[in-house]
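Enquirer: Chains as they are written, first to last, in the working numbering: chain A, 1 to 295; chain B, 1 to 222.
Calculated directly from the structure, the hints in this document are not laboratory data.
Note that CB positions come from ideal geometry on N, CA and C, so glycine has one too.
Among the hints, a few may not be true.
What the hints assert, rightly or not - Reference listing, derived: stretches of chain B covered by chain A, where coverage requires no fewer than 3 residues with Cβ under 8 Å from a Cβ of chain A:
(1) 50–61
(2) 119–126
Claimed, not checked - Derived Cβ-Cβ restraints for the label pairs, each shown as a range:
(3) A:Pro181 <-> B:Leu108: 21 to 29 Å
(4) A:Gly82 <-> B:Pro37: 33 to 41 Å
(5) A:Gly241 <-> B:Leu108: 42 to 50 Å
Stated by the list, open to error - One side of the interface only, derived from the structure: several residues of chain A facing chain B at Cβ under 7 Å:
(6) Gly46
(7) Asn47
(8) Gly108
(9) Arg109
(10) Met195
(11) Gly197
(12) Leu204
(13) Leu205
(14) Glu208
(15) Leu211
(16) Leu285
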Amino acid sequence: MSWTKTTTGKTIDIVKTLPRITLANLRPNPGAKKDEKHRGRGMHGGNRSGRGHKGERQRGNRPRLGFEGGQTPFYLVIPKYGYNANHSRRPQYPPLSLRRLQYLIDLGRVDPMQPIDLTQLVNCRGVAIQPLKQDYGVQLIDEGADIFRAKVNLEVQVASEKAIAAVERNGGVITTSYYDPRSLQILIKPVPFLMSGEAIPKRLLPGEDLLPYYADACNRGYLADPDKVQAARLALAKKYGYTIPDITMDTLFETLTRKKKKKKKKKKKKREKHGLLNAKLKEFLDPMHQRLRIW
Amino acid sequence: MAASLLGRRAALFFGFTKLNSFLPAAVQQIANYNPRPLWLNIKNPYIPNKESEKTPEWQKTEKYERKLFGRYGSASGVDPAKLWPSHTRLEELMAEEKEWHPPIEVMLKNIAARQKEKEQKRMEREKIIAANMAKMPKMIADWKKQKREAKQKQREEKIKRDKLLAEARERFGYALDPRSAKFKEMVAEIEKEEKKKRKLLKRRKREEEQGSAGTTAAESSQ
């Protein structure tokens, strides 16, 4: 576009007189657009269309990326080291954010009037746990700690400090407990286990790696000293600057302080025949023999 | 229909006792998931006939009996006492547990012991480091001194060499190579002269001392 130099008039006046911008007036910058190369349109009728001569290359049958003709490929020869070493043997804890928990409670999928356990969370399809993929439970994440309002008796496997604070601030009770893989499978899917007629196994203690975590009051571990837990509650309240509501005055005190027995006893569950289609009545049988009771 | 559900009466109808005052009325009912239907004939369960030959073998196994009990309970006619481990099996299990799953006190002790060992190692290493660091100023000073002395010596050597060279230059009239035989001879000569001078000095000194000693002895004897 040739600009005429004006001394009296302004650019805006010029622009006003110019025709409006249409597709006919627009053009890309020279060099911005390069013509696409169309395969099969080259010299000699395109011939092989840039695919080479015979073989897997031309016929599109090359093996997967990384394959070295049968030789152990580089990406398998080099062992995993450091950060990634033994990754498949490490316990994993799929996260449960406070935001998600609040969402589940708000929608009525999980009942805050009852203790909220991994079973309840799985029943309401709030989390997806795969014990066979080295999942050892669920971890409580502090995303949504600012909007969390529910008062719950919560039991998870790992919890971050801020999440613990958020739960306790609202007058709830949180515990971290350990389930070994077999117990975990039973916990998340109790019905298939009960139908199998097996004796309920003892919940094993955590190994020496995880024992310090669950014996620590700061993590609200189930093996920790209750007095220390109380002290930790106060300390955390001080740290984050809130006052702990007195749960002894709470109407739901009994629910909030309900705890599980540390070692699940050996029991057998059976289904009672009922008139209805859904047999609801279940009976726990205890072994009478002394040795079995001890064990 | 929705309106009729939204109410406390509806909540009671759906069968839970306590109501959460936090939740709005619309969500007073807890969502009831309809689980998968359990395809289990509880009214007329199939309990296989143990004596008959027609029943397949797998229906007479212990595992199947366990499952029967799990599904139908006492109606299956299975004695629940069988389903717990037998005496021998129980022994095995107890032994296994004793070996592989120590009680909590033992585990805590092991952890404490390991921690202590680590701490001890760390303390020892720190001690060694501290001791060495305490030695450091002296070592630095020694090293500096050593370097200084070496330099000094080097300088002196240089001066001596230059002097000898100058001497040789004077004597012979041209710049003599210090490695040649003549130079070495000259050096030897100079050494001899120096030695003689030193000896003379020593003798004179001794005489002086003797003389002074004699006079003092004479004075004292007087």
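Enquirer: Now look at each hint and say whether the structure bears it out.
Expert: Okay, the hints, checked on the actual structure:
Counting residues of the region 50–61 of chain B whose C-beta sits closer than 8 Å to any C-beta of chain A gives 0, which falls short of three, so the coverage hint is violated. With 0 residues having a Cβ less than 8 Å from any Cβ of chain A, the region 119–126 of chain B misses the three-residue criterion, and the hint is violated. Distance hint check: the CB atoms of Pro181 (chain A) and Leu108 (chain B) are about 23 Å apart, consistent with the given range 21 to 29 Å. At roughly 50 Å, the beta carbons of Gly82 (chain A) and Pro37 (chain B) sit outside the given window of 33 to 41 Å.
The beta-carbon spacing between Gly241 (chain A) and Leu108 (chain B), approximately 34 Å, falls outside the hinted interval of 42 to 50 Å. The interface hint given for Gly46 (chain A) is broken, as the beta carbon of that residue sits about 59 Å from the closest beta carbon of chain B, more than 7 Å. For the restraint placing Asn47 (chain A) at the interface with chain B, the shortest Cβ-Cβ distance is roughly 61 Å, beyond the 7 Å limit, so the hint is violated. Interface hint at Gly108 (chain A): satisfied, since its Cβ lies 5 Å from the closest Cβ of chain B, which is below the 7 Å cut-off.
Below 7 Å, beta-carbon pairs count as interface contacts, and Arg109 (chain A) has one with chain B at about 5 Å; its hint therefore holds. For the restraint placing Met195 (chain A) at the interface with chain B, the shortest Cβ-Cβ distance is roughly 5 Å, inside the 7 Å limit, so the hint holds. Hint on Gly197 (chain A) holds. Least Cβ distance to chain B is approximately 3 Å, under the 7 Å limit. Against a cut-off of 7 Å between C-beta atoms, the interface hint on Leu204 (chain A) holds, since the closest Cβ of chain B lies about 6 Å away.
A hinted interface residue such as Leu205 (chain A) counts as satisfied when its beta carbon comes closer than 7 Å to some beta carbon of chain B; here the least separation is about 6 Å, so the hint holds. With 7 Å as the threshold, the beta carbon of Glu208 (chain A) comes within range of chain B, its nearest partner Cβ sitting at about 5 Å, so the hint holds. Satisfaction of the interface hint for Leu211 (chain A) is found here, the shortest Cβ-Cβ separation to chain B being roughly 6 Å, below the 7 Å cut-off. Hint on Leu285 (chain A) holds. Least Cβ distance to chain B is approximately 6 Å, under the 7 Å limit.
In this structure, the earlier hints numbered 1, 2, 4, 5, 6, 7 are contradicted, and the remaining ones agree with it.
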